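Chains as they are written, first to last, in our numbering: chain A, 1 to 94; chain B, 1001 to 1351.
FYI, nobody ran anything at the bench for these hints, they're computed from the structure. Among the hints, erroneous ones may be present.
Said to hold, decoys possible - Not the full set, but computed from the structure, chain B residues with beta-carbon under 10 angstroms of chain A:
| hint | residue |
| --- | --- |
| 1 | Ala-1062 |
| 2 | Leu-1301 |
| 3 | Glu-1343 |
Claimed, not checked - Pairs of lysine-lysine residues, derived as DSS-like cross-links and limited to a Cα-Cα distance of at most 27 angstroms, are as follows:
| hint | chain 1 | residue 1 | chain 2 | residue 2 |
| --- | --- | --- | --- | --- |
| 4 | B | Lys-1084 | B | Lys-1014 |
| 5 | A | Lys-87 | B | Lys-1084 |
| 6 | B | Lys-1014 | B | Lys-1140 |
| 7 | A | Lys-87 | B | Lys-1347 |
| 8 | A | Lys-37 | B | Lys-1278 |
| 9 | B | Lys-1077 | A | Lys-87 |
| 10 | A | Lys-87 | B | Lys-1178 |
| 11 | B | Lys-1115 | B | Lys-1138 |
| 12 | B | Lys-1014 | A | Lys-87 |
| 13 | A | Lys-37 | B | Lys-1014 |
| 14 | B | Lys-1164 | B | Lys-1138 |
Only a predicted model underlies this, so the values are computations on that prediction, with no experimental measurement involved. Ideal Cβ placement from N, Cα and C applies to all residues, glycine included.
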Amino acid sequence: MQWFWRTVPALILFAPGLSLAAGGGGAPMVIVADTRKLDGILAWWGNMYNESHLQFAILTIIIIPVTGVLFGIVADIVMGWIGIDLKTRELAED
Amino acid sequence: MDWLYILMPIAGVKIFWPGLIILGVGVGIIGGFFGLGGAWMVTPGLNMLGFPMAFAIGTDIAHMAGKSLISTMRHGKFGNVDYKLGLIMLVGTIIGFEVGAQMVMWLERIGSVEKVVRWIYIALLALIAWMVFHDVFKRKAKARAAAAKGETLDATATGIEWHKTLHKIKIPPMVHLKAAGIYCSAWLPIIVSFLTGWLAGILGIGGGLIRMPALIYLIGCPTHVAVGTDLFEVAISGLYGALTYTYKGRTELVAAMIMLVGAAMGAQVGAVATKYIKGYGIRIAFGLAVIGCAISILMKLVQPWLPQFKKMLDIGATALILGLVSLMSLYIFIRMVQGVREELRRKQQSA
């Protein structure tokens, strides 16, 4: 089983590079956000996109699950207050 | 009416924001109910609202990750999530997804992304719709045959049973999946998830549209467990998808957050509704949604051959997709309210 646990993470790590190689030539398209029309938080957000896609990506994947969990907790409280049983269900196809 | 439009800072397009909320609520309900991210409706929807296709894909994946997380929390409490199966499938999904996403970047470079993605959608939706209804008719035939013999078909019996053949392949390591009630080779979920992940990466979806029927028909999960487990997968692979698409610069977080406001409410309604509807009810509704979606994409695809009807087809496709999302959501919402009322009434009686 050891080979399995070595091979799988290696595949996960190298798959992007391998698939990029398979993707072939051509210059990648670069998109630049036009921040001249923006102000406040939108301008800050647009500038971050232009300066570092990595920072922009990291912040995006932190904001999304945090928002999801917050909404989930609020809904739990509301549904519990209504009186819905949130722990059991009947498993049947027909 | 300028206030109804919001400028997207990255894509640089002005978008009708109430459309984003409506799309979010609708797809939240449908996603939580069917165990899908709902990208098959949202990606064309965002494209129709004015996002370029690559941005529609990236933005949709970002919103989907958050929404699916909310639904997974709910399904987890019902015992609908087989976490072991979800984690095994994650391996194949991630590798497959990355291969698919790189193919999209390549298609974008050669300028064929929209056409190829739409045609793959059509072929796939047609296959899934056939599979679902073939299964429904087969189960009905079994029920009729049992009735003719004076017997009743088991409540957990299904029409298509391809998974039984696949479970006979005993290549080690073998795994026991408790929540799903399955004992099979670990390679079965890994291979299935690689193929579904690869297709998901190309289509820019979380993969639920393909994985939910694959979990039922190829792996053999009961419908409710397929829904919950798939959402667990969608949440994690969606997060990975959001990372890779955002890093490639194709995500509009402002739009994703606006959609998430609506989707958060919808996702709860959809997930709770599965408590009150049986497995085949979910399967049939899923099949109908798939057919509607395929027709709307087809209406976009035939436009180059029918330029005189372009405007009519455009309006028709938008109306169909929005109508479909609204009708399905309304149906699920009503069934959920009816179910909750019945449950509360029974609780009061027994108190």
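Now for the hints, and whether the structure bears them out:
{"no.": "1", "hint": "Ala-1062", "verdict": "6 angstroms, holds"}
{"no.": "2", "hint": "Leu-1301", "verdict": "24 angstroms, violated"}
{"no.": "3", "hint": "Glu-1343", "verdict": "7 angstroms, holds"}
{"no.": "4", "hint": "B:Lys-1084 with B:Lys-1014", "verdict": "43 angstroms, violated"}
{"no.": "5", "hint": "A:Lys-87 with B:Lys-1084", "verdict": "20 angstroms, holds"}
{"no.": "6", "hint": "B:Lys-1014 with B:Lys-1140", "verdict": "49 angstroms, violated"}
{"no.": "7", "hint": "A:Lys-87 with B:Lys-1347", "verdict": "15 angstroms, holds"}
{"no.": "8", "hint": "A:Lys-37 with B:Lys-1278", "verdict": "52 angstroms, violated"}
{"no.": "9", "hint": "B:Lys-1077 with A:Lys-87", "verdict": "5 angstroms, holds"}
{"no.": "10", "hint": "A:Lys-87 with B:Lys-1178", "verdict": "18 angstroms, holds"}
{"no.": "11", "hint": "B:Lys-1115 with B:Lys-1138", "verdict": "35 angstroms, violated"}
{"no.": "12", "hint": "B:Lys-1014 with A:Lys-87", "verdict": "43 angstroms, violated"}
{"no.": "13", "hint": "A:Lys-37 with B:Lys-1014", "verdict": "12 angstroms, holds"}
{"no.": "14", "hint": "B:Lys-1164 with B:Lys-1138", "verdict": "16 angstroms, holds"}
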